[in-house]
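Chemist: Which chain is which? The protein sequence lines are A and B, in order. What the first sequence shows, in numbering that gives the first Met the number 0, is residues 0 to 143, in sequence order. What the second sequence shows, in numbering that gives the first Met the number 0, is residues 0 to 143, in sequence order.
Hints were generated in silico from the structure; no laboratory data involved. All C-beta atoms, glycine included, are put in the ideal place defined by N, C-alpha and C. There could be a bad hint or two in this list.
[Unchecked claim] Part of the chain A face toward chain B, derived, beta carbon under 10 Å: (1) PRO73; (2) GLY75; (3) GLU135.
[To be verified] Computed list of lysine-lysine pairs in BS3-like fashion (alpha-carbon distance at most 30 Å, straight line): (4) LYS98/B / LYS121/A; (5) LYS60/A / LYS98/A; (6) LYS11/A / LYS60/A; (7) LYS11/B / LYS60/B; (8) LYS98/A / LYS60/B; (9) LYS121/B / LYS98/A; (10) LYS60/A / LYS98/B.
Protein chains: 2
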Amino acid sequence: MTSQDGIEQVLKAASMRVTQPRVAVLAAVAANPHGDTETIISAVHREHPAVSHQAVYDSLKLFTSLGVIRQIQPQGHIARYETRVGDNHHHVVCRRCGKLADVDCAVGGAPCLHASDDHGFKIDEAEVIYWGTCPECQAELINE
Amino acid sequence: MTSQDGIEQVLKAASMRVTQPRVAVLAAVAANPHGDTETIISAVHREHPAVSHQAVYDSLKLFTSLGVIRQIQPQGHIARYETRVGDNHHHVVCRRCGKLADVDCAVGGAPCLHASDDHGFKIDEAEVIYWGTCPECQAELINE
DNA sequence: CGACTTATCTTGACTCGTTCAAAATAAGCA
DNA sequence: TGCTTATTTTGAACGAGTCAAGATAAGTCG
Numbered sequence: 000m001t002s003q004d005g006i007e008q009v010l011k012a013a014s015m016r017v018t019q020p021r022v023a024v025l026a027a028v029a030a031n032p033h034g035d036t037e038t039i040i041s042a043v044h045r046e047h048p049a050v051s052h053q054a055v056y057d058s059l060k061l062f063t064s065l066g067v068i069r070q071i072q073p074q075g076h077i078a079r080y081e082t083r084v085g086d087n088h089h090h091v092v093c094r095r096c097g098k099l100a101d102v103d104c105a106v107g108g109a110p111c112l113h114a115s116d117d118h119g120f121k122i123d124e125a126e127v128i129y130w131g132t133c134p135e136c137q138a139e140l141i142n143e
Numbered sequence: 000m001t002s003q004d005g006i007e008q009v010l011k012a013a014s015m016r017v018t019q020p021r022v023a024v025l026a027a028v029a030a031n032p033h034g035d036t037e038t039i040i041s042a043v044h045r046e047h048p049a050v051s052h053q054a055v056y057d058s059l060k061l062f063t064s065l066g067v068i069r070q071i072q073p074q075g076h077i078a079r080y081e082t083r084v085g086d087n088h089h090h091v092v093c094r095r096c097g098k099l100a101d102v103d104c105a106v107g108g109a110p111c112l113h114a115s116d117d118h119g120f121k122i123d124e125a126e127v128i129y130w131g132t133c134p135e136c137q138a139e140l141i142n143e
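Kindly generate the complete structure, drawing on both the sequences and the hints.
Modeler: Structure follows, in structure tokens:
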């Protein structure tokens with residue numbers, strides 16, 4: 000799905016050009032699960048030093064709107080990206096160090112999607128973020 | 000709970016001073032449900048023109064850490080605040096205009112708090128944000 | 001009640017992730 | 001191979017939020 004060919008398919012299907020920066024960005028996101036923008040930019044630069052940060056931002060935004068990648072941005076943290084989309088999974092965030100991990104839906108397919116009173120809103124997505132403390136930080140807290 | 004006396008109780012219990020800016024900020028948050036920082040600052044200024052934006056930021060952070068108010072910050076939007084805390088309710092956000100509404104828990108007391116696999120994280124909160132389109136925006140979209 | 005201590009506030013500069021805009025480049029078509 | 005125009009590069013700008021130093025006032029103690 001994020002293979003070289005897959006990328007081209009997706010882009011062409013959306014009438015978008017297949018460019019080096021775009022391919023590099025998608026590869027970087029796939030290679031750095033939950034990586035933030037900074038990480039993605041660095042990863043891209045390793046292979047293609049000439050790619051500008053702007054191109055990375057543009058590509059990330061494009062892929063996000065196409066549904067190929069997903070942006071996650073917990074409160075107080077900068078944006079992170081992942082290629083795992085469409086399976087309705089959620090995330091746990093460590094309050095202390097900001098680490099992020101995937102969490103499959105507790106309830107099944109599309110949990111929590113029905114609010115008790117939706118105020119007339121037409122809801123299309125339920126985003127769940129679990130907050131807590133990661134194993135490493137738990138250990139460090141004990142040693143203080 | 001956010002009455003004049005209540006505020007003093009909370010602050011004193013935490014060994015914090017009861018100051019004009021703090022009282023004004025809490026009153027402003029109570030009077031502007033889901034108001035963003037800009038709104039809170041304006042509201043405070045109406046009564047106390049001399050209060051600085053920094054004092055507002057400080058107070059908001061203080062009250063948030065004390066658990067008196069809650070900060071909500073959907074992706075791509077600036078921080079908003081509300082005084083309704085401790086009842087585990089969630090929010091719907093309009094993708095189009097950013098409007099925010101309260102949503103009571105669909106499942107009951109503390110839904111979704113148990114992740115299927117928590118990766119060793121010690122989870123203390125489940126934050127749910129529903130994304131959709133508010134009634135007004137639905138109407139406008141039809142008229143286009 | 002008045003002086004003191006220090007938490008809190010004011011002021012104003014600054015950070016940093018992200019966006020904007022114009023000129024240069026290269027992807028894809030003919 | 002050349003052309004058209006979507007993308008990129010470049011470099012400046014934005015804005016919510018933070019930092020730091022000195023001024024102020026809340027609470028305390030005599």
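Chemist: Each of the hints needs a verdict: does it hold here or not?
Modeler: Going down the list of hints, with the structure as the test:
no.: 1; hint: PRO73; result: holds, 9 Å
no.: 2; hint: GLY75; result: holds, 8 Å
no.: 3; hint: GLU135; result: holds, 9 Å
no.: 4; hint: LYS98/B / LYS121/A; result: holds, 13 Å
no.: 5; hint: LYS60/A / LYS98/A; result: holds, 23 Å
no.: 6; hint: LYS11/A / LYS60/A; result: holds, 17 Å
no.: 7; hint: LYS11/B / LYS60/B; result: holds, 17 Å
no.: 8; hint: LYS98/A / LYS60/B; result: holds, 22 Å
no.: 9; hint: LYS121/B / LYS98/A; result: holds, 13 Å
no.: 10; hint: LYS60/A / LYS98/B; result: holds, 22 Å
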